[in-house]
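Start from the sequences and build out the full structure, keeping to the hints where you can.
Protein chains in written order, with my numbering: chain G, 3 to 885; chain Y, 26 to 130.
Just so you know, these hints were derived from the structure itself, not from any lab. Just so you know, even glycine gets a beta-carbon here, dropped at the ideal spot from N, CA and C. The reader is advised that the hints may include incorrect statements.
If the Cβ cut is set under 8 Å, some of the chain Y residues that face chain G in the computed set are [stated by the list, open to error]:
(1) 47
(2) 65
(3) 66
(4) 67
(5) 70
(6) 71
(7) 78
(8) 79
(9) 80
(10) 93
(11) 94
(12) 95
(13) 96
Quick list of the computed label-pair ranges, beta carbon to beta carbon [said to hold, decoys possible]:
(14) G:404 to Y:57: 52 to 62 Å
(15) G:462 to Y:57: 52 to 62 Å
(16) Y:118 to G:71: 25 to 35 Å
(17) G:367 to Y:114: 50 to 60 Å
(18) G:470 to Y:52: 53 to 63 Å
(19) Y:57 to G:470: 52 to 62 Å
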Amino acid sequence: MSAIREWLRRLRGTFHRAPEDAEMEEELRLHVDMIADDLKRRGLSFEDAARQARLQAGGIAQVMEQRRDQRGLRWLEDLIQDLRYGVRTLRRAPVFTAVTVATLTLAIGANTAAFSLVDPLLFRDLPVRDPGRLVQFTERYPGDPPLNMFGLENYAQYRDRNTLFSDMVGLAPFNTESSAGSEPVGAWVVTANFFRFLGVRPALGRVLDDSDDAPSGAPPAVVSWRYWQGHFNGEARALGSIIDINDRRLPGPVHATVVGVAERTFSGVTASMRSDVWVSLGAIPAAMRSRAGVALMARLKPGASIGQARAEMRVLYQPSIDALAQRDPQWRHTTIDVTSARVGLSTPLTDQFGGPLSLLMAIVAILLLLACANIAGLLLARGASRQQEMAVRVSLGAGRLRMVRQVLTESLLLASIGGALGLVGARFGATVLTRIMTSGTQSPGPPPRLEIPLDARVLTFTIGATLLAALAFGLAPAIVAFVSAPASGLRQGGGAQTKSRRVFGNGLVIAQVAISLALLSVSQLYIGHLRHLRDRSLGFDRDRVLLMSVNTSRAQNRAQLAALYRVVVARLRAIPGVDSVAASGMTPMSGGASSAFLRVEGFIEPADDRQRVSLNAVSPNYFLTYGTPLLAGRDFRDSDVDQPRRIIVNQALARKYFPGRDPLGRHVWLENQRDPYEIVGVAGDSKYNDVRLPSPPTVYQFALGSGDLSLRTSGRQAALADDARRLVNDVFGPNSVGRVTSLAEQVDASIVPERLLATLAGFFGTVGALLAAIGLFGLLAYTVARQTKEIGIRLALGATRGRVSRMVATSAGWVVSVGFLLGAPAAFWSTRVAARSVESLPAAGGGPIASAAAALIAVAIIAVYVPTRRATRVEPVIALRAE
Amino acid sequence: VLQGTLDIMVLQTLAALGSSHGYAVAARIQQVSGGRVQLNMGTLYPGLMRLEQRGFVRGTWGATENNRRARFYALTPAGKKQLAAEKREWSRMVTTMQAILSEPS
Numbered sequence: 003m004s005a006i007r008e009w010l011r012r013l014r015g016t017f018h019r020a021p022e023d024a025e026m027e028e029e030l031r032l033h034v035d036m037i038a039d040d041l042k043r044r045g046l047s048f049e050d051a052a053r054q055a056r057l058q059a060g061g062i063a064q065v066m067e068q069r070r071d072q073r074g075l076r077w078l079e080d081l082i083q084d085l086r087y088g089v090r091t092l093r094r095a096p097v098f099t100a101v102t103v104a105t106l107t108l109a110i111g112a113n114t115a116a117f118s119l120v121d122p123l124l125f126r127d128l129p130v131r132d133p134g135r136l137v138q139f140t141e142r143y144p145g146d147p148p149l150n151m152f153g154l155e156n157y158a159q160y161r162d163r164n165t166l167f168s169d170m171v172g173l174a175p176f177n178t179e180s181s182a183g184s185e186p187v188g189a190w191v192v193t194a195n196f197f198r199f200l201g202v203r204p205a206l207g208r209v210l211d212d213s214d215d216a217p218s219g220a221p222p223a224v225v226s227w228r229y230w231q232g233h234f235n236g237e238a239r240a241l242g243s244i245i246d247i248n249d250r251r252l253p254g255p256v257h258a259t260v261v262g263v264a265e266r267t268f269s270g271v272t273a274s275m276r277s278d279v280w281v282s283l284g285a286i287p288a289a290m291r292s293r294a295g296v297a298l299m300a301r302l303k304p305g306a307s308i309g310q311a312r313a314e315m316r317v318l319y320q321p322s323i324d325a326l327a328q329r330d331p332q333w334r335h336t337t338i339d340v341t342s343a344r345v346g347l348s349t350p351l352t353d354q355f356g357g358p359l360s361l362l363m364a365i366v367a368i369l370l371l372l373a374c375a376n377i378a379g380l381l382l383a384r385g386a387s388r389q390q391e392m393a394v395r396v397s398l399g400a401g402r403l404r405m406v407r408q409v410l411t412e413s414l415l416l417a418s419i420g421g422a423l424g425l426v427g428a429r430f431g432a433t434v435l436t437r438i439m440t441s442g443t444q445s446p447g448p449p450p451r452l453e454i455p456l457d458a459r460v461l462t463f464t465i466g467a468t469l470l471a472a473l474a475f476g477l478a479p480a481i482v483a484f485v486s487a488p489a490s491g492l493r494q495g496g497g498a499q500t501k502s503r504r505v506f507g508n509g510l511v512i513a514q515v516a517i518s519l520a521l522l523s524v525s526q527l528y529i530g531h532l533r534h535l536r537d538r539s540l541g542f543d544r545d546r547v548l549l550m551s552v553n554t555s556r557a558q559n560r561a562q563l564a565a566l567y568r569v570v571v572a573r574l575r576a577i578p579g580v581d582s583v584a585a586s587g588m589t590p591m592s593g594g595a596s597s598a599f600l601r602v603e604g605f606i607e608p609a610d611d612r613q614r615v616s617l618n619a620v621s622p623n624y625f626l627t628y629g630t631p632l633l634a635g636r637d638f639r640d641s642d643v644d645q646p647r648r649i650i651v652n653q654a655l656a657r658k659y660f661p662g663r664d665p666l667g668r669h670v671w672l673e674n675q676r677d678p679y680e681i682v683g684v685a686g687d688s689k690y691n692d693v694r695l696p697s698p699p700t701v702y703q704f705a706l707g708s709g710d711l712s713l714r715t716s717g718r719q720a721a722l723a724d725d726a727r728r729l730v731n732d733v734f735g736p737n738s739v740g741r742v743t744s745l746a747e748q749v750d751a752s753i754v755p756e757r758l759l760a761t762l763a764g765f766f767g768t769v770g771a772l773l774a775a776i777g778l779f780g781l782l783a784y785t786v787a788r789q790t791k792e793i794g795i796r797l798a799l800g801a802t803r804g805r806v807s808r809m810v811a812t813s814a815g816w817v818v819s820v821g822f823l824l825g826a827p828a829a830f831w832s833t834r835v836a837a838r839s840v841e842s843l844p845a846a847g848g849g850p851i852a853s854a855a856a857a858l859i860a861v862a863i864i865a866v867y868v869p870t871r872r873a874t875r876v877e878p879v880i881a882l883r884a885e
Numbered sequence: 026v027l028q029g030t031l032d033i034m035v036l037q038t039l040a041a042l043g044s045s046h047g048y049a050v051a052a053r054i055q056q057v058s059g060g061r062v063q064l065n066m067g068t069l070y071p072g073l074m075r076l077e078q079r080g081f082v083r084g085t086w087g088a089t090e091n092n093r094r095a096r097f098y099a100l101t102p103a104g105k106k107q108l109a110a111e112k113r114e115w116s117r118m119v120t121t122m123q124a125i126l127s128e129p130s
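Right, here's the structure in full:
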C-alpha cells in the first residue's frame with residue numbers, strides 16, 4: 003500500500019521539478035547556516051564557522067542530486083530527458099532524420115503488410131475448438147493442382163468407415179455470380195454437423211443440427227456475424243428471413259431461411275474465400291446429390307496422427323481409384339493426401355500464393371535487415387562527428403551506461419516513428435496486395451476475399467519488428483558510445499578514426515552490397531520470368547479482343563440459339579470499331595477447360611502414356627477474331643450447322659498425330675463417340691489455358707452461338723463494352739451478359755502470382771539497391787571527410803590530385819569488391835531457392851545475377867565518384883588549418 | 026548509522042519534539058545519543074523525504090525563532106502507527122539478541 007503511494011508521489015515528483023528544487027536548496031542552506039550559528043556561539047570566527055559547517059554537513063550539490071534521484075522516478079526522468087534530447091538531435095539533422103525515417107517506414111511497413119497477409123493464410127489458427135486436430139483431404143494427380151472435392155457418397159463412406167476421425171464434414175461453395183451492381187453473397191453448402199464439428203455456437207437463434215440435411219425448398223441457413231450486421235443491422239428479426247442464392251448448376255434459386263447467427267469470432271474455415279451464409283445440405287435436391295461434390299474436413303481422434311489417417315484414407319480411397327482406372331488406366335496415378343487444416347481449408351488462392359507469400363515475407367525481412375545495416379552505418383558516421391559531444395558529456399560526469407541509454411533512446415525514437423508510419427503504410431500496401439492477388443482467381447465459388455485485420459497479432463508483430471530494428475541499428479552506435487574514452491575524444495578533436503570503427507563501417511558496406519546483390523538478383527529473376535511469359539508467343543492477339551460471358555439458357559434449342567446468335571453478330575458488327583465477332587465454348591486462360599482422348603487410325607499410344615487433346619467449340623470467324631492464322635484448309639461456315647462432324651485442329655495436333663502427312667480430310671474419333679470427325683482445317687498453335695505451358699494439341703469443334711462472345715475491336719474497348727452489353731442483353735434477355743473483360747486482362751489475370759512477385763521483387767530490389775547506394779555514399783563521404791587532413795598533407799607534399807582520387811577510389815573499390823565476392827554465392831543460392839518456390843520457373847542461370855551486379859556496379863560508381871571528387875577539391879592550406 | 030535505524034530514530038525524535046525542522050532533529054539525535062550519532066545532510070534529508078513519500082511524516086513551511094523560512098516535519102497518524110510497530114519490532118529484536126548473546130560460551 004505504502005509502496006504504491008510512494009511510487010505515485012515519485013511519479014508526481016518527476017513532473018514537478020523546478021519549484022521544488024529551489025525549496026530543497028533553501029532547506030539545506032538553512033541547515034548549514036544553523037550549524038554555523040551553533041559553532042559561532044561556541045566562539046569560532048565567522049569564516050571558520052562557515053567552513054566547519056560545510057565540512058560537517060556535506061556538500062549541498064551532492065545531497066541535492068541524491069534527493070532528486072529519490073524524489074522522482076529516475077529512469078522515467080532520464081527517459082524524458084533522453085527523448086527531449088533525441089528529438090532535438092534529430093531536428094538538428096533533418097536530412098538524416100528524413101532518410102532514416104523513410105527507410106524505416108518502408109521496411110517496417112513492408113514487413114507489416116506482408117505479415118498481415120501471410121498470417122491469416124498460413125499461420126493463424128482457425129478460431130474454433132481445438133484447431134490442431136482438424137485435417138483436410140486432397141486428391142492429387144501428377145501435374146494437376148491438389149483438389150479437395152469428393153462425391154457426397156464418398157463423404158458418407160469415409161465418415162462411416164474410418165476409425166481415426168471423431169467427426170467429418172463436407173462443404174462446398176455455391177457458384178454465385180454477381181449480377182451487375184450487387185455484390186454476390188459468399189454462400190456455402192455444409193453438412194448439418196458443420197457447426198458442432200467446429201464447436202461454433204450461435205450468437206443468435208440456433209446453428210444447424212443433424213435433421214437439417216434433408217432436402218428442402220427452404221433449407222435452414224446460418225449467417226455470419228458480419229453479414230448479420232451489414233444486412234440486418236444486427237436485429238433479431240433477421241431470423242426467419244429468406245436469402246436467395248442463385249447457382250447456375252442448380253435448377254432454381256435456393257431460398258435459404260435464416261435460423262441463426264454464428265458467433266462473432268467465426269468467419270468461415272478459410273480466410274481466402276468470402277463466407278457470409280452457411281446453408282444446410284437440404285439446398286441440394288435429392289436428384290442432384292449423386293453428382294454433388296464437397297470439400298472434406300475431419301477431426302482426428304485424440305492420439306491419432308496425420309500419418310495414420312493418411313494410411314487409412316489410402317485404403318478407403320482405393321475403390322474410387324479402381325473405378326476410375328477401369329475407365330482410364332492413367333487414373334492409377336491418383337493419390338489421396340491428408341493434411342492439417344489447422345489454419346483453415348486450402349483453396350486455390352492459398353495453394354497459388356502460399357509459396358510466393360512466404361518468399362515475399364523473406365524478401366521484406368531481408369529488406370529490413372538491409373535498412374538496419376544502412377541506418378547503423380549512417381548513425382555510426384554521424385556518431386563519429388558527435389564524438390566530441392560525447393567526450394564532453396562523459397568528462398562532465400555522465401555515466402557510460404547513461405550514454406548508451408541516450409543513444410539507444412535515439413534509435414528507439416527513430417524506429418518508433420518509422421514503425422508508426424509503417425503501420426499506416428502497411429494498411430494501404432496490404433489492400434493493394436490483396437487486390438492484385440484476388441484479381442486473377444476465376445475458380446467457381448464465392449469471390450475470393452482476403453481478410454486483412456489490423457489486430458493484436460499484427461500490432462505485436464509491428465512493435466516487435468520496430469524494437470528489433472531499433473536494437474539492430476542502435477547497438478553499434480551504443481557500443482561506440484560505451485567505449486568512447488573522454489580523453490582521446492577531446493584530444494583528437496574528432497580527428498582520425500579508430501581502426502575498429504573503420505573495420506566495422508567497411509563490414510557494413512560489404513554486408514549491404516552482398517545483401518543487395520542477392521535481393522536484386524532475385525528481383526531480376528522474377529522480372530525476367532514475367533517478361534518471358536508476356537513475350538512468349540500466345541498464338542492470338544491479346545490486345546484487340548473483348549470478351550463477354552453470356553447466359554444463353556433462354557434459348558429453347560440449338561436452332562433458336564443459332565438464330566439469336568446470327569442476330570447478335572449482325573448487330574454487333576454494326577457497332578463502329580467491332581471488326582469481327584465469334585462465340586466459343588471457352589476463351590483462352592479463362593480457367594474452364596475440357597479435354598478428351600483422341601483416336602486416330604494408325605496412331606498407337608501406350609495405354610499408360612495417353613494424353614488428352616484440348617477441346618473448344620467455336621463459331622465461324624473465331625480464328626479471324628483472335629488473329630490466329632489458318633494454315634491449311636478452311637474456317638467453319640454457317641452452313642456447317644448441317645454438317646456438325648467437321649473439326650479444325652491446331653498444328654501441335656497435326657504434328658503429333660499426322661507426322662509428315664496431310665491431316666486434311668482425315669477422320670478421327672473422340673473418346674466414347676462412335677462417329678468420326680473429319681478434319682477440314684489446320685490452325686496455328688495458340689495457348690489454351692496456361693501461358694506457362696506449350697500450346698496443347700487442340701480440337702476445335704463447331705458450335706454456333708453457344709458459350710462466350712469474343713469481339714475483335716479496333717476502337718477503345720471501354721467505350722464499346724457498354725454498347726455491346728446493351729445490345730446483347732436486348733437479344734438474349736435482360737442480364738444475360740455477365741462479365742465483360744479484355745483478353746489482355748484475362749491473360750494477365752492468369753499469371754497473377756508471377757506479376758505479383760515480379761512487381762514486388764522489382765520494387766523491393768530497387769529499394770534495396772537505393773539503400774545500398776545511400777549507405778555506400780554515406781560511409782564513403784564520411785571516410786573522405788575523416789581523411790581530409792591526410793589528403794591535405796599529401797597534396798601539400800606534392801601528391802597529384804589524380805593520385806589522391808585513385809587512393810580514395812581504390813579503398814572504396816576494394817570494399818565494394820569484397821561485397822560482390824561474398825554476395826555472389828548468396829545471390830546464387832537465393833535465386834535457386836526463389837526459382838524453386840514458383841512453379842514453372844525454369845532453373846535460374848547466371849543472367850539475373852549478372853544484370854543485378856551490373857546495376858549495383860553502376861550504383862557503386864556513382865556512390866564512390868561524388869566523395870572522391872570532393873576529396874580532390876581539398877585545399878591543402880584549409881585542410882591543415884582545420885586542426 | 027545502523028541500517029534501518031534511521032527511520033525509527035527520526036520518527037521517535039519527531040514524536041518527542043513535535044513539529045520540527047531538519048536541523049533540530051539532527052541536533053536532538055546527536056544530543057540524546059551523547060554525540061555518538063551524527064547525521065549529515067546526505068543521510069538526514071533523503072531519509073526525511075522517504076518518510077514523507079511513504080506518508081509517515083508531513084512537511085510544511087513555517088518560520089524559525091530567528092524568523093527564517095524552514096520546513097517543519099510532523100508525524101502523521103500513519104507515522105505514529107509505524108513508530109509503534111517499529112518500536113515493538115525493535116524491542117523484540119533486542120530481547121532475542123540478548124537471549125542469544127547471554128548464553129554462556
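Structure versus earlier hints, numbers of those that do not hold, lowest first:
14
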